[in-house]
Amino acid sequence: MKISFVLNGRQQELNCSSDIPLLQLLIEYTHISSLKPGCSKGSCGNCVVLLDNKPVLSCLVPAFSVRGREITTFEHFQRSRDFSDISRGFTQADSIPCRYCFASKVMLAHGVISRNVNPSIEDILQAFSLNACTCIEPSQLAQGVIQAGAFRGKRRRYARKK
Amino acid sequence: MARETQFISDIHREGMLHGTIIRSPVIRGKITSVSIPPVPKGTVVLTAKDIPGSNAVRVLQSTFPLLTQETIQYIGQPIMAVFSPTLEEAQVFAQSISIQFDTIPPAEEQQAIFTDRTVSHGSMDESLEQASRIIEHTYNSLEQKRMFTAPTGAVTAFSDDALIIYASTQWPFHVRGIVNEVCALQKRTVHVRTTAYSPNYGEKLIYPSLYGCLTTLAALKTGKPARLIDKFPVESPRITITRKSFLDEYGTPFAEDIDVSADIGAYPLFADEITEHLRAGVMGYIPLKAYRIRVCTLYSPSPPRYHFDGFNYAAGLFSTEAQMNAICSEFAVNPAQWRMHRYTGKDLKLSNGAVMKTPPLEELINYVVNKSDFHRKHTASKTNQVQRKLHASFTGYLRGIGIASGYAPNGFSRNYPWEKKYSVAVRLDEKNKLTIHTSLCNSGASYTWKKTCNQILGIPEEDIEIAYGDTSDLPNSGPHILSRDISIITPLIQRCCESIKSQRFKEPLPIIVKRGFKSRGHEPSETFHEFRPFDAACWGAVVVELEVDSISYMPEFRGIWCALDCGKIFNEEKLRNNLRGKLLRALHIAVGGRITPEYMPKVDIHFIDRGSSIPLSGTQVLTGLFSAAFISALSQALDRQVAKQPLIPSDILTALEDL
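These protein sequences, in sequence, are chains H and G.
Position one of the first sequence corresponds to residue 338 (my numbering), numbered consecutively onward.
Position one of the second sequence corresponds to residue 5 (my numbering), numbered consecutively onward.
Extracted from the complex, chain H is given alone in its bound form (with noise of 0.2 Å):
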C-alpha cells in the first residue's frame, strides 16, 4: 500500500506492507538510525518518535495510521531550538542518559514540556516510563527534564515580549 506523510518537514510517499509498524517502515525504507529496535512490542522505548508532536512508540503504531500526518524523528528534532531547551537542562542538571536511549528520553522530555512548561515530578516520571533504561536515576533525570522546561518557559517569555 501506499503511506503518505510528512516525514522531518518533508513530503514522503512510501510503497510498503499494509502490516509494518512505524518503527520498521522508518528503519528498513528511510533509514533512520535514531530508532534503536530493541524490544519491538513497547517494553523497551527505544523508539520514540514525535507524531503530530506527540512521542509515541513507533513499534506500536501501525504504519497505515500515520498517512497523512507529521512525523519527526531525532535527526531533525537535534537541529531544532527546542532541542536546546533539552540539551541544556540535561547538561545544567548532569542529567545525561546513555548514548543507547538518548534520543528516546529527549523525545520524552520535549512531550513533557510541551504540554507545561513547570511539570511535576510525577508527570515527568509518568512519562518516562515509556523508556525502560535505566542508565540514570529518574529523580535526577527529572531535574534535567524541570531545567529544560525552565529554559522552554524562559524562551517563550521572550519571544513573546518581542
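No lab work stands behind these hints: they were computed from the structure.
Bear in mind the structure is a predicted one, so any value in this text is a computation, not a measurement.
Treat the hints loosely; a few may be bogus.
Stated by the list, open to error - Using 27 Å as the maximum straight-line C-alpha spacing, the simulated DSSO-like pairs for lysine-lysine come out as follows:
(1) 375/G / 578/G
(2) 235/G / 378/H
(3) 386/G / 425/G
(4) 572/G / 586/G
(5) 586/G / 378/H
(6) 391/H / 339/H
Said to hold, decoys possible - Here are a few chain G residues that sit away from chain H, every Cβ distance over 10 Å (derived from the structure):
(7) 193
(8) 652
(9) 661
C-beta atoms are modelled at their ideal positions from N, C-alpha and C, and glycine is treated no differently.
Keeping the supplied structure of chain H fixed, place chain G upon it in accordance with the hints.
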C-alpha cells in the same frame, strides 16, 4: 552532548548481507539429519563444516563450539547461520531448513559438576561440639534476565588488504583472536573496531566474538560485507549458598561451614574466576577458628551465562551480610552495634586469617547509622514486631530497617599468563595535545582519565583526547569488566603521565610512554590462608529502610543511605549520579521487575576521603550490600528470615501467610 559513536545497528555497507542464527529448539539431543532446500542466489548458509580453522570459541581456559555439528548441549545452541541481502529473506530461508533431532532427557546431566574446590582450616567436628548454637540458612540469588541494552552483534567489511570487524564488544582483542583461530587468518589481516555498546550487563564480553566469526565466515565466502545482530536472551548464573554458622554463647561465630553452588550453563566459561569471586564474597570479616568453604560450578542445559557487574562476588557478599543480620536477629541484638563491636581497631582480620590494613568500616558504619537514625528505627520496628505477635489481627505497618557493610574487589582474582600483555599508552605531541591510547576507548571512565592527566601534567581537558581506533593501532588493555577501567587502567595512565612529566622539556616531542599491567596474583587454593583479595578493594556500608504495602505487597523504600570509600574522586556529583544509576538497577533486580515511579526511594550517597591516589569502583560493593540490607530490612518487616533475591509480591504474600 556529542553522540558521534555508532551502535552496531547503525552500521550499513553497500551490498551488505544480513544474518540470522538457526538455534536448537531442544534442550539436549543429537542432530540426526539436516535438510537444506536449494539456496537462493545471494544467500549463504554456514554450518560447522564451513569453518576452516578451529570450531571452538576460547575463553580463558575453556572453550565452546561456534556451531554445533552433532551434540546439542542447551536450548538455543547455534547450529547454522544464514546470510541474505535482507534480514527478512534470511529469516524466511532459515525457517525452511529442517533439522531432525534425537532428544536426550536433560535430567541425566543436570547435576554434572565443572569445578569443585574446597578450602578448610581447623576442625569442624570440634567446632560442632563447642557450639552453643548453630544457625543455618540457604541464600538464593536467582537468575536475572538481561534488561534492555544496546544491540549485540558484529559487522565484517573489507578494507584494502585487511578485514575490518565492527563489534559491540567489551573485549576487542578477544574478537580478533577468536576470528583468527576460527577463520584460520593471519593476525595482521583482521582489525577489530569497537562500536558503542553501552548500556551493557556483561553480555557483550564473549557473544560478539561469536558473531564476529560468523560475519567473517560469511564475508569470506561471498566477498560481501556481512552483519549479524542477535537478541538471544541470556541470563546470569543461579547461585545457592548454604551457610552454617557455629556460635558461642554471646552470639559470636567462631566457625563456618559454607556450601556454594553456581549454575553457570552448558560450558564452564570463567568457572575459575566465578569460584574465586564467590569464595572471596562468602568470606566474612570475623576471624574464625575453623572454616570449610566449598564452591562448585554446575552444568545446566542453558546458554553460557552473562555476568551482571562482575563474577558474582555480590551474591557471596549478600549471603555473608544477610547471615550476620540473621544472627543478630536470632540474638535480638542491634546489627549496627554488633558490627561496631567487632570491627573496631586498625587492621581487620578476615575469616581466613588474612589481614586487611586499616579498613574505614567504623567511619562508614557511623555515617549511615547516624544519617538514617538507624538505632531508633530499628528499635521501633522491633517493638512493632512484638506488637504484631501480641495482637494477631494487627497486620498493617510492616516496616523494617537493615544494614550491611563490607568490601568488594576490583579486577581479576589472579594473574593470568596473558595479563602481562595488557597496557595503555599516552602520547604528548608537538602541539601540547595529549592522547590516551587504550582498547577500552568506550569506557565511561574517560572523564576520570582526563582529570588524572590534567592534574599531573596541567594540560587542559579539552586538549586531552581518547584515541578511537582498532586493534591494529591501540594497545591491548584487556576486557572491560570488573571495573578494570577505573581501578587498573587509571593507575597505568597515571604512571604514563608521571613518566611524561619527568621527560617533558628535556626530550623532544612527541613523547610516547607505554605502561603494562601485572596483577598481584596468587594461586587460589594453596595460599588461601594468606590470600588478600584481588588488586584493590572498595569498602562501603548501606542502610535500607522499607515498608511493605499491605495491598500490593510491594516493598516501598522509605530511604537508602550509602557510605563508600571510592579512593580518589575527581567529581563527587558525577560519581554519585553514576552510582545512583547502578543502585537503581540493583533495586530493579531486587524486586524482580520494573520500578515504577511511586517505588523510587530517596538515596543518600556519601563518600569518605582518605587521601588515596587511586580511584576505585563502588559498583559491586553497592550492589552486594544493597541486596543484603534490603533482605534484612524485609526480614525485619515480615518478622521472618527471607533469603532469596529477587523477591516478588507473591513471595512476600507467602511469607506473610506462613506467619
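Here is how each hint holds up against the structure:
Under the criterion of a C-alpha separation no larger than 27 Å, the hint pairing residue 375/G with residue 578/G is consistent with the structure, at around 22 Å. Proximity of residue 235/G to residue 378/H is assessed by CA-CA distance (about 14 Å); at most 27 Å being required, the pair is judged to hold. Taken as a hint, the residue 386/G and residue 425/G pair is broken in the structure, with Cα atoms around 55 Å apart against an allowance of 27 Å. Distance check on the hinted pair: residue 572/G and residue 586/G sit about 19 Å apart at the alpha-carbon level, within 27 Å; holds.
Simply put, residue 586/G and residue 378/H have alpha-carbon atoms about 25 Å apart, close enough for the 27 Å limit, and the pair holds. A C-alpha spacing of about 24 Å is found between residue 391/H and residue 339/H, which places the hinted pair at or below 27 Å, so the restraint holds. Non-interface call for residue 193/G relative to chain H: holds, since the shortest CB-CB distance, roughly 29 Å, exceeds 10 Å. With 10 Å as the threshold on Cβ separation, the claim that residue 652/G sits away from chain H holds: the shortest Cβ distance comes to roughly 18 Å.
Residue placement check: residue 661/G keeps its beta carbon more than 10 Å from all beta carbons of chain H (closest about 31 Å).
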